[in-house]
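Residue strings, one per chain:
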Amino acid sequence: MEQIYLDHAATTPIHPLVLDTIYSVEKEVFGNPSSVHYFGRKARQLLDEARYDLAKSINAQEKEIIFTSGGTEADNLAILGTARANRHKGNHIITTLQEHHAVLHTVEQLEKEGFDVTYLPIAENGKVSVEAVSKALTDRTILVSIMYVNNETGVIQPIREISKNLKSHQAYFHTDGVQAFGLTDIDVAALGVDMLTVSSHKMNGPKGVGFLYAKENVKLSSLQFGGEQERRRRAGTENLSGIVGFQKAVELVKKERNERIEKYQGYKQQFLQILQEQNVEFRVNGDLDDSVASIVNISFPKTNVEALLTNFDLEGVAASSGSACTAGSVEPSHVLTAMYGKEHECTTNSIRFSFGLSNTSENIETAALRIAKIVNRLTSNKG
Amino acid sequence: MNNKQDIRVVVGMSGGVDSSVAALLLKQEGYDVVGIFMKNWDDTDEFGVCTATEDFDDVVRVCNQLDIPYYAVNFEKQYWDKVFTYFLDEYKAGRTPNPDVMCNKEIKFKAFLDHALSLGADYVATGHYARVRERNGRYELLRGVDDNKDQTYFLNQLTEDVLSKVMFPLGNMHKSEVRKIAKEHGLATATKKDSTGICFIGERNFKEFLSEYLPAQPGEMQTLNGVIKGQHDGLMYYTIGQRQGLGIGGAGEPWFVVGKNIKENILYVEQGDKNEYLYSDALIATDINWIHPDRVEDSFTCTAKFRYRQQDSPVTVTKIDDERVKVTFGERQRAITPGQAVVFYNGDVCLGGGTIDEILKRDQRLDYVG
Chain S
1 MEQIYLDHAA TTPIHPLVLD TIYSVEKEVF GNPSSVHYFG RKARQLLDEA
51 RYDLAKSINA QEKEIIFTSG GTEADNLAIL GTARANRHKG NHIITTLQEH
101 HAVLHTVEQL EKEGFDVTYL PIAENGKVSV EAVSKALTDR TILVSIMYVN
151 NETGVIQPIR EISKNLKSHQ AYFHTDGVQA FGLTDIDVAA LGVDMLTVSS
201 HKMNGPKGVG FLYAKENVKL SSLQFGGEQE RRRRAGTENL SGIVGFQKAV
251 ELVKKERNER IEKYQGYKQQ FLQILQEQNV EFRVNGDLDD SVASIVNISF
301 PKTNVEALLT NFDLEGVAAS SGSACTAGSV EPSHVLTAMY GKEHECTTNS
351 IRFSFGLSNT SENIETAALR IAKIVNRLTS NKG
Chain L
1001 MNNKQDIRVV VGMSGGVDSS VAALLLKQEG YDVVGIFMKN WDDTDEFGVC
1051 TATEDFDDVV RVCNQLDIPY YAVNFEKQYW DKVFTYFLDE YKAGRTPNPD
1101 VMCNKEIKFK AFLDHALSLG ADYVATGHYA RVRERNGRYE LLRGVDDNKD
1151 QTYFLNQLTE DVLSKVMFPL GNMHKSEVRK IAKEHGLATA TKKDSTGICF
1201 IGERNFKEFL SEYLPAQPGE MQTLNGVIKG QHDGLMYYTI GQRQGLGIGG
1251 AGEPWFVVGK NIKENILYVE QGDKNEYLYS DALIATDINW IHPDRVEDSF
1301 TCTAKFRYRQ QDSPVTVTKI DDERVKVTFG ERQRAITPGQ AVVFYNGDVC
1351 LGGGTIDEIL KRDQRLDYVG
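Here the protein sequences line up with chains S and L, keeping their order.
One point on numbering: in my numbering, the residue at position 135 of the first sequence is 135, and numbering is uninterrupted.
One point on numbering: in my numbering, the residue at position 3 of the second sequence is 1003, and numbering is uninterrupted.
Keep in mind that the hints were calculated from the coordinates and are not lab data.
Since the model is a prediction, treat every value here as computed from it, not as a measurement.
The reader is advised that the hints may include incorrect statements.
[Stated by the list, open to error] Just the calculated beta-carbon pair ranges, DEER-fashion:
{"#": "1", "chain 1": "S", "residue 1": "Gly266", "chain 2": "L", "residue 2": "Asn1064", "range": "32 to 38 angstroms"}
{"#": "2", "chain 1": "L", "residue 1": "Gly1186", "chain 2": "S", "residue 2": "Arg140", "range": "31 to 37 angstroms"}
{"#": "3", "chain 1": "S", "residue 1": "His344", "chain 2": "L", "residue 2": "Gly1330", "range": "58 to 64 angstroms"}
{"#": "4", "chain 1": "L", "residue 1": "Arg1061", "chain 2": "S", "residue 2": "Asn376", "range": "31 to 37 angstroms"}
{"#": "5", "chain 1": "S", "residue 1": "Glu2", "chain 2": "L", "residue 2": "Asp1043", "range": "51 to 57 angstroms"}
{"#": "6", "chain 1": "L", "residue 1": "Gly1186", "chain 2": "S", "residue 2": "Glu2", "range": "31 to 37 angstroms"}
{"#": "7", "chain 1": "S", "residue 1": "Glu2", "chain 2": "L", "residue 2": "Arg1133", "range": "45 to 51 angstroms"}
[To be verified] Here are a few chain S residues that face chain L, going by a calculated C-beta distance under 8 angstroms:
{"#": "8", "residue": "Ala307"}
{"#": "9", "residue": "Ser329"}
{"#": "10", "residue": "Leu378"}
{"#": "11", "residue": "Ser380"}
[As the list claims (entries may be wrong)] 30 angstroms max Cα-Cα, derived DSSO-like pairs, lysine-lysine:
{"#": "12", "chain 1": "S", "residue 1": "Lys342", "chain 2": "S", "residue 2": "Lys302"}
{"#": "13", "chain 1": "S", "residue 1": "Lys373", "chain 2": "L", "residue 2": "Lys1027"}
{"#": "14", "chain 1": "S", "residue 1": "Lys219", "chain 2": "S", "residue 2": "Lys112"}
{"#": "15", "chain 1": "S", "residue 1": "Lys255", "chain 2": "S", "residue 2": "Lys42"}
{"#": "16", "chain 1": "L", "residue 1": "Lys1207", "chain 2": "L", "residue 2": "Lys1192"}
{"#": "17", "chain 1": "L", "residue 1": "Lys1274", "chain 2": "S", "residue 2": "Lys373"}
{"#": "18", "chain 1": "L", "residue 1": "Lys1319", "chain 2": "L", "residue 2": "Lys1082"}
{"#": "19", "chain 1": "S", "residue 1": "Lys302", "chain 2": "L", "residue 2": "Lys1110"}
{"#": "20", "chain 1": "L", "residue 1": "Lys1192", "chain 2": "L", "residue 2": "Lys1274"}
{"#": "21", "chain 1": "S", "residue 1": "Lys373", "chain 2": "L", "residue 2": "Lys1077"}
{"#": "22", "chain 1": "L", "residue 1": "Lys1319", "chain 2": "L", "residue 2": "Lys1361"}
{"#": "23", "chain 1": "S", "residue 1": "Lys342", "chain 2": "L", "residue 2": "Lys1082"}
{"#": "24", "chain 1": "S", "residue 1": "Lys127", "chain 2": "S", "residue 2": "Lys302"}
{"#": "25", "chain 1": "S", "residue 1": "Lys263", "chain 2": "S", "residue 2": "Lys42"}
{"#": "26", "chain 1": "L", "residue 1": "Lys1110", "chain 2": "L", "residue 2": "Lys1193"}
{"#": "27", "chain 1": "S", "residue 1": "Lys342", "chain 2": "L", "residue 2": "Lys1229"}
{"#": "28", "chain 1": "L", "residue 1": "Lys1229", "chain 2": "S", "residue 2": "Lys302"}
{"#": "29", "chain 1": "L", "residue 1": "Lys1165", "chain 2": "L", "residue 2": "Lys1180"}
{"#": "30", "chain 1": "S", "residue 1": "Lys302", "chain 2": "L", "residue 2": "Lys1274"}
{"#": "31", "chain 1": "L", "residue 1": "Lys1263", "chain 2": "L", "residue 2": "Lys1361"}
{"#": "32", "chain 1": "L", "residue 1": "Lys1263", "chain 2": "S", "residue 2": "Lys342"}
{"#": "33", "chain 1": "S", "residue 1": "Lys373", "chain 2": "L", "residue 2": "Lys1165"}
{"#": "34", "chain 1": "L", "residue 1": "Lys1110", "chain 2": "S", "residue 2": "Lys373"}
{"#": "35", "chain 1": "L", "residue 1": "Lys1082", "chain 2": "S", "residue 2": "Lys302"}
{"#": "36", "chain 1": "L", "residue 1": "Lys1192", "chain 2": "L", "residue 2": "Lys1092"}
{"#": "37", "chain 1": "L", "residue 1": "Lys1082", "chain 2": "L", "residue 2": "Lys1110"}
The beta-carbon is built from N, C-alpha and C at its ideal position, and this holds for glycine as well.
Chain L on its own, in the form it takes in the complex (with noise of 0.2 angstroms):
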């Protein structure tokens, strides 16, 4: 398998800039390339207008540009089953889910792989921002060199033997060079906008669309030493650390969301940037994902991220079990939120990652936090 073109790469391309131009440079390189559509959500409307209809289109016209094979798959049900599930049931939860973490674990680097294998495909390739190296025979994820569009904050449930047959061909790149590389070639979603936001959602308001699932239930708004300051709109609506569309006027410093009370469905409140009940000091994480399990100590130093696109932090991480661990911070975390995830890295080195489970301040558990 030394020549390329005895290769088969199946490209996941959504219709965007990035995947479209993985799926150029991997063609440029020799490689046979097979474009494939995911068809993962259905929100065709009364006309029969959906969203998916237009991206296949630029994935159809981008593929021929080309010149290689494109086809489509439905993910739907999967997607149903594995990660719209596990994102309402979150929000019922009152925790604050990551789709993109799950949608990468079950979607992208497990049903689509599949799929991609079935065809043949010795690799599959994304347009993500990251990289994958290999040493030695082991494969090891790695961030993405533009910094400000790295991506393995949500590639980190991937395993080795996911990484060892993929292929990141924009994780040497930054943003700048791929939209130039797609104009250089006249791609037909050269200028496209980037999506933004959870893709199921789209453009949509976000709290519309949740209540279509959800029922709302509104209750209070309260200080940890229950001073009712409003009503809130439904627990779901509010994340840890929001600030804006709480609604409380008056005098002094911001209000923030600072914590939840499920049971008795109170939002906990309080006031000031700065204040210390936004504050923690080490967190519980579950689902943990180690990319080389192997190579992981019972307690060790590194960075972590607990949410996109923030710097890292030095953390202390202690194994509690094959799932859980126990993350100390170097130094004290404002607005930390159960749900998301946590990712630790060494260096450029992506370690793996968890779910953010409980929130802890000197040793115990900040259950207004929920």
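Here chain S stands alone, though its shape is the one from the complex (with noise of 0.2 angstroms):
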């Protein structure tokens, strides 16, 4: 049996070219890009050409660019970091309710430490409202964080209208940007955020690296100490092959971006298509014509998460739910539980199927159909 990948938002296959990248760059370059030798020289030289490529992909410049193990370290040093070095200026923060954990248990940890946390609520399309920013924003506030694309529901948040209202204040604005990079050209001036999160494995990069962009003035504490790497933001010899990689993945995203949004859209339609040819009963959550092309949380009533991912795998699809279930403790989505409210039952029936570089229309229409007789066995004895 052929076994389909639709959780492409969960994490992606790397693409060839990438691993050739980092397979030469282990074999050729070891050194350490803090040394003074030869040996570092070499090394330093791809990191500095990394970090200039990826600074340009996001019209950034070099020195904003603090390269971090991933889209969590770079969520973590973006909050905390900018919280206990602007406390002074105010302790007031602003997230929304269908943050991903890395913000969430981030701001949580802060409230810990005696800061102030505003949770701005979902609409039921998916989005945060920008008046709400607007409203919640007191003297205090030092830092609104807010995501550019949800990871569940694929839907877009209106960002640059928000970055527009915060403009005059002191707030940073910070948007983890881990589900928009790969299918969303981003320019940080244009967007005007002062912090954007970005993960390499999320665009068939490796795993393990990701980057933070800080605008040039904002302050930040690290979170780690040691060595002098990153403009002393963050410690730790770098993941160069990791970084190199990550070059690479965001380079070939460049050039194939529309290309791949085009193909995605397509899978997303065709996918929709089938099941609602084959009579599957359910809806889409979320804003569909406000979302990236690459994912689709779909609910079905009279299911639950734990019977529809189970059999989806055994039939040999994978994909993923909100709602965390680690050694059987079902957590409904609390990004679902954001849109709708508590107790609801698409918070515990709904499924994200994510679409990228391992699909092809031939094996969405495969997907697509094992899912739809799933779904109507199931649902079929339940009345």
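Hints given; two lone chains; assemble the complex.
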């Protein structure tokens, strides 16, 4: 049975050209970029080139890029780093109820340290309201953190509009762009954000690497201490091959982005159409017209996440849900709970399907037919 | 469906050695084996640590060794509603419940079975020490061959329909063999300690646990003649025949719990291991389940167990109605406890069972037992 991967929002297969790049870096350049000899210089050269390319890819300066171990660390650094460094200006933080746990659990930690956090609600279409952000601002607000694209629903948030309203306010504006970058052309100047989180493995790059863009004037305390890497904002020897692989992945994204968007949008339409043709009862969560091409979140009434995901996997379809079910603990999706309220059935019967490089029109069709069969079987005997 | 690889068996895996070996044996036989971990209870502490996580990690390790897919399913709500609520209600009523019987009836062989069937399972399997025998299209429940481990006592509420979809791969084995197989195959759980006690209480202090859910009402400890012998900590902490923890000093033979008066919150105690008040000659059982209801006559003789791991005793069973029977003992029995299961056997065949409700002596209800 062909195993079909529809979980590209969790992670993506590495692109073969990225793999080649990593391999050649590991093979040829092993120096420490901080070393003062030939080997160090060779490594430093690659690191600087990568930093230059990645900065350019979002219209930033090189010194505004802080390499991290990935999205989670970049989110932590952005939030903890600015909150702790700017406490004298205020202790209020604004975020939303649908952020990734890398953001939510980090601001919860800050609450324990005495910060006040406002969690903005999410409308049923999956978006935060621009006005709500403005209304929540106080003169003690030092940070606003709102994701660019929600990782469960794929819904694009009004970042540009929010940033306009924040222009004259002291608060830094951070956006987690982990799900956005591969499918959206991001220009940090035009977007008007002070900080942006990007992760490599969501766009066919290697795991364990990402960066935080932090605008030149952003005051940030480091979370880890040691060497002077990343302008003292992130101590630790750089993951050179990962960073260069990341650079390659971004280069490919830039080149192929439009083509990929068109392709994934096609998969999404094809997928939904087959479910419809097979008379599957479903509804799409979040605004389908304002979501990234690669993600669709679908509620299947009269089912539950555990039975769906297990059945899908046994039939060779890999998908996931926002409700974490590690060791059998099922937490309803906090994103869908934010959209629909507690106890709403969609929070326990919704699955995220996300498309990517490992898909073809053929395997999308096969997967959709398998899913239709399973859902129809699960719902047929429940009236 | 002659080919075993086309037969899907979903194994309920606890992270213990028994269910690990059950999965191993099925895999060796060539079935399409799927491992599923059930989470029925949340004991997450303030640091986010929960025993289920460790047990699930063991399931993951074993399933990876066996190269079978594994998943988890959550039945916390069902367990709370069907098992734990019953457990507390019985204690409130002064009885000694058997949550394992209820867990098998409502969770493992109902909620879990339904879940497995929804995954296209042909059978569910567990690591219970019991056997299912098919004869002429009828399914019987048989004792496990390891006398010391036989778990049919806890399975007495299963129906024939359920048994037709169940496999007990360890039914023909002794525990020592199971451990040996686990070791030979280097299973991650080979030397893991067996779980003891009630699953949701685990290693914790029973009294402490119960007091978190039920308010303890201390009261008097009296003999049946009304002589006050001391204070009890709350009737729910005591069971019929209990000797430990009474704290009655003085000369003579030890003291035993012989009954409870829920209304007046009195614990009845009497002296002597062979005290007459500990004995009875019949009982009324409710919630009777017959595995083959069509084969049960209005009155018949068989053997019975009144507690887990007790020797069988000859009894005469007389139907009162579809859900109740009177069980008359061949020889008088000591410390029969309301709330526990009475389970009937014909040789190795488990006929079914019920819940002990009333205790009788010379056809009189022993009201003092509770």
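- Kindly confirm whether 31 to 37 angstroms is satisfied by the beta carbon distance between Arg1061 of chain L and Asn376 of chain S. holds, 36 angstroms
- Item | Pair hint outcome, Lys263 of chain S versus Lys42 of chain S [Cα-Cα no greater than 30 angstroms] | violated, 38 angstroms
- Query: Holds or violated: are the alpha carbons of Lys342 of chain S and Lys1082 of chain L at most 30 angstroms from each other?
  - Reply: Holds: Lys342 of chain S and Lys1082 of chain L sit about 24 angstroms apart, inside 30 angstroms.
- Message: Hinted pair, alpha-carbon criterion (30 angstroms max): Lys1082 of chain L, Lys302 of chain S. Please report holds or violated.
- Response: The given pair, whose Cα atoms are some 22 angstroms apart, holds under the 30 angstroms limit.
- Message: Check the hint pairing Lys1192 of chain L with Lys1092 of chain L against an upper bound of 30 angstroms on the C-alpha distance.
- Response: violated, 35 angstroms
- Item | Straight-line alpha-carbon gap Lys1165 of chain L to Lys1180 of chain L, limit 30 angstroms | holds, 28 angstroms
- Message: Holds or violated: Lys1319 of chain L and Lys1361 of chain L, Cα atoms, limit 30 angstroms.
- Response: holds, 18 angstroms
- Message: Please verify whether Lys302 of chain S and Lys1110 of chain L have alpha carbons no more than 30 angstroms apart.
- Response: Judged against 30 angstroms, a Cα distance of about 19 angstroms means the pair holds.
- Message: Please verify whether Lys127 of chain S and Lys302 of chain S have alpha carbons no more than 30 angstroms apart.
- Response: Answer holds: Lys127 of chain S to Lys302 of chain S is near 26 angstroms, not above 30 angstroms.
- Hint consistency between Lys1110 of chain L and Lys373 of chain S [alpha-carbon to alpha-carbon, up to 30 angstroms]: Holds, at about 24 angstroms.
- Query: Taking 30 angstroms as the top limit, are the C-alpha atoms of Lys1082 of chain L and Lys1110 of chain L close enough?
  - Reply: holds, 11 angstroms
- Distance restraint between Lys342 of chain S and Lys302 of chain S, which requires alpha-carbon spacing of 30 angstroms or less: Within the cut-off at roughly 17 angstroms; holds.
The earlier numbered hints that this structure contradicts are 2, 5, 7, 11, 17, 20, 25, 27, 28, 30, 32, 36.
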